[in-house]
Amino acid sequence: MGQYCFPPKDKRETLFQYFCGFSAYFTYCLVLLLFGFFLFFAYPLLKSGGYFLLLVTPWQPLAGNYGIGPMIAGTAVISLLAVCLAFPVSLGAAAFCEAGLAPRNLVRWVRPVFQLMTGIPTVVYGFLAVFLLVPFLRKAIGGSGFSVLAASLMLALLIAPTMILFFSDAFRAVPGEHLRVMTAMGAHPEEKLVFLLLPQARSGIVAGLLLAAGRAVGDTLIALMLAGNSLAFPSSLTEPARTLTGHIALVMASDTQSPEFRSIFACGLTLYLITTLLIFFCRRVVVSERGKG
Amino acid sequence: MKAPLRIAIKSAAFAAALGLCCLVLFLLAALFVKAWPVLDLRLLFGDTPPLQAIRGVRPVFDGLFPAICGTLLLVICAVVLALPMGMGAGIHLALAASPGTCRRIGFCVDILAGMPSILIGLLGFSLILFLYRYFPFITPGLLPAAASLACLILPYIIRGTWQAIQTLPPELLRTSLSLGASPVQALRHVLLPAAKPGLTGCLLLSVGRAAEDTAVILLTGTVAAYGLPSGFWDPFEALPFFIYTTAAEYGSQRELAMGFAASLILVGLCGGLFSLAALIRRTVQMKIFTGNMS
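These protein sequence lines are chains A and B, in that order.
Using our numbering, read the first sequence as starting at 34 and increasing by one per residue.
Using our numbering, read the second sequence as starting at 600 and increasing by one per residue.
None of these hints come from the bench; they were simulated from the model.
A few of these clues could be false.
[As the list claims (entries may be wrong)] Simulated restraints on C-beta separations:
| no. | chain 1 | residue 1 | chain 2 | residue 2 | range |
| --- | --- | --- | --- | --- | --- |
| 1 | A | Arg317 | B | Arg657 | 19 to 25 Å |
| 2 | A | Leu306 | B | Pro603 | 45 to 51 Å |
| 3 | B | Pro769 | A | Val320 | 21 to 27 Å |
| 4 | B | Tyr731 | A | Ser321 | 45 to 51 Å |
| 5 | B | Asp639 | A | Val140 | 37 to 43 Å |
| 6 | A | Pro208 | B | Pro769 | 20 to 26 Å |
| 7 | B | Ser697 | A | Pro168 | 56 to 62 Å |
| 8 | B | Val679 | A | Arg295 | 56 to 62 Å |
| 9 | B | Cys621 | A | Val320 | 36 to 42 Å |
Heads up, the beta-carbon is just placed ideally off N, CA and C, and yes, glycines get one too.
Same shape as in the complex, but just chain B (with noise of 0.2 Å):
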């Protein structure tokens, strides 16, 4: 190969990784800047003592806190909802399964984990509409968006789990098994404690990826002002409708900042949650590695 063309190799692989790193760093750079000025415990209250509002004595009105309890609950309802299946799928496809099963499910793990969310969101509307009928009190709320979440979240769930039992060594399981164990107690004192790493890992991610997603809880429940929910089937506000709907109809300056501010909160919620996922995942690959070799 011609030293031109590979000089020209070389700062065009230069180029597109500087110049995307730059671009992502400008535009989390823009965002800080836009949200700099109203950075400050009244973007969260509004004008409502700190206390009285932590206390749901009074509501907020031009604050994010509401919208922050919303997306925190919405979080914990699904993955409360969506961990025991998940596991429960992952363990049993990490150790019961046959090889057929194992692919065929493995498939329908994929196309959900593939699955547009907005797909899903339609699904869980459909069902509340028609559930409506019959019974009047399932409308719209933070449950039936909880339980649309659970269902976005639970192939992460279960790749996860799956992956963090099937990469560990084989030996745990024999050893434990020829101990006299029954596969249940050494899947709860040997094998989920040894795969904690990487069970972290799969709940950070599925936590990060539920508080980010917006299609969904655009269709099942989330309202733009509503205060706190105070019942599972109640509208709620959420952060990333929240930056939604101030997009496209915010009524002055201040506005739009808590819209650049809320993006800037998201960012910083999901962003570290993923890259705490990464490194506990590079941790543990590490580790493997490692125990092999010693």
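In isolation and in its complexed conformation, chain A is listed as follows (with noise of 0.2 Å):
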């Protein structure tokens, strides 16, 4: 409140505004404090060169080998699958809700579901999924059901109204003068969507890609009930695999004390790296449009 010519009447008021930038700054130092802490424990493995060689190489503990290589590449597969499977999804749907292909009065009945499923705890999905969705693939292609597959279908389901959400905000950012110069020329909305709203929108996706690749990262709870958990490299899609904050939870459970437990200090620090990244290009998105605009 620095900008306005009236100093504050009081001490109260003063101290009132020192607390305001000091919780501003606390959030600042909170982050950076989560970093500096992943950094510290994960020093001795950084100052070794052994961080590196960690994220490649196998799991194998009787060999004192702790790599973390099968949780990255676990962590990968099942959060690629899950985006690549939820971003058709939750185009079409932003496009359904958004785009004036459907009549008016079933987008209001279909789009609170959407606001519903926002509010959907993640546990209660693999809940569902652990007694609905893996007997079922059991009988269905074999194995014990706790699969790669398992998990990015519910995680697919668990990111599908991030991206609804934010497809359909980009979708209505574009002017609405444009949207009207389009019918007057006796454009279809499919037409106008293919021609106006998806190139307009662009960034707007791609952020929106970043933000829920982001979440399906980060999530643990579908990934350690419906992974299967397994420490080898997934080779199939109906393999069990363990991502990274699978391996932090099922590590943390055991014990605090042996070199494994180092070793998930090296998994934060990866999982950290990776979300502030994908969050840093997300911005770069959002502003650098913001700019242009």
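Join the two chains into one complex using the hints; note that each chain is given alone, in its own frame.
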């Protein structure tokens, strides 16, 4: 509040302003603290250069090998598959809601369902899938049913509402005059979607994709409950796998002294870097677009 | 564009939206059907008389009452810890900070919002381990879990407050300042009351976020069976953790059905809060829009 000419009236107000400033910088410090914390605990690994080795080597505790390669592969496969599954569906759903393809009354009924989806906890998705999806997969394709496929199907469901909301906002931000001009030229709603809305909303779509990918990478419970948590590199979609988040949860639950415990800070650092990069690019995309407009 | 292509695009959009809708409704229906057999008072209190359970005279053994209480206590503690900080930071960013500071802190808020919750749990757990050496009374429990959850919901509160104040018409602040109010007085008597719907929306959102999260409390102090916590350093039960453990180690069909019932309660709680928040946000947007028009 320093930019206004009136000074604070008394001491209490000054105190309040200091408190507000303090809490803003506290958030700043919290993020730095989190980074410093992972750096500190992963430092022994970083110093010996072993961190980059850890990222690619397999997990063989008996041979003294605590590589997190399989978990990175598991995370990558599961979240990529989830994003690939969720993207077309979300794009279709957002177009359905915003591009005038459907009757208004139908949209009015469908949209609240998507809004409700944002509020369904991940643990509930995991629980439902354990008793509905996994037995089905077991019957349909054999194996235990706890697999990469099960986890990414449920993750796709989890990240779909995030994408739908972002895409809808991006579609809605397209100027109304452009739409009206296209209508006046006799364009169908589908043509407006393909030639106007999609190109105009490109940055919003990319930002939504990145954000949803971040959610998929960071989710713990679905992968923990559905992916089977095996420690090998996943070789096919019906094989079990373990993610970075699941690995942290599982190792924390067992013990806190062994070298295995050290390895989870390497996992944590990797996760931190991945999510920070995703958020960074997401912001870049949004801000550069805003600067242009 | 040819007609068949148009029809293909339209039907793809219809299939995507309606398919997703039906899938979600099917899942919710399945949840309800599976939970139906145990939906009664015994679900909450087990064999303990409800009045005695609520007064804490007798413990509840096979009911959801301790888990629901634990979740409520946890959420209340987390919000009490995060709300002053979050609102203070939001106010600072909306009114006082320079654009550069806003950009830097905004980036950090985004990072914190996108942070996997298990990392925050890991931070909390390691801090507890570290502090335990010097202060032996610090153990995993209600307060550490609430503090970790507070870090999780902090970015939501900051963003919400920031947005709510920034989207107000600028004349509000200018008028009250020119009438001789100090910035803090203007904030307290004019801006915050005007921003109330937005603030309520962000509060609901963060409560929902705190109630649904499992990964944080998994590492910082929840246990499967404890009863009501009696202090801030006590372990506690929570609904999400109950659901998680039930999926892995249920003993009977009744326990399984109780897991479904707990999921139903949690979906009702979080879904209700999120929908309410969305509704409030929409009405706020409409109000601002019509306010500018008139």
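Hint-by-hint comparison with the structure:
In this structure the hint that Arg317(A) and Arg657(B) lie 19 to 25 Å apart at CB is violated, the actual value being about 58 Å. As the Cβ distance of Leu306(A) to Pro603(B) is approximately 47 Å, the hint placing it in 45 to 51 Å holds. Taken as a hint, the range 21 to 27 Å holds for the pair Pro769(B) and Val320(A), whose Cβ atoms sit roughly 22 Å apart. Hint check: Tyr731(B) to Ser321(A), Cβ distance near 47 Å, so the stated range 45 to 51 Å holds.
Between Asp639(B) and Val140(A) the C-beta distance comes to about 38 Å, which sits within the given range of 37 to 43 Å. As the Cβ distance of Pro208(A) to Pro769(B) is approximately 23 Å, the hint placing it in 20 to 26 Å holds. For Ser697(B) and Pro168(A), the Cβ-Cβ distance of about 58 Å falls inside the hinted range of 56 to 62 Å, so the restraint holds. Separation of Val679(B) from Arg295(A) is about 35 Å and departs from the stated range, judged on CB atoms against 56 to 62 Å.
About 38 Å separates the C-beta atoms of Cys621(B) and Val320(A), a value consistent with the hinted range of 36 to 42 Å.
Checked against the numbered hints above, the structure violates hints 1, 8; every other hint is satisfied.
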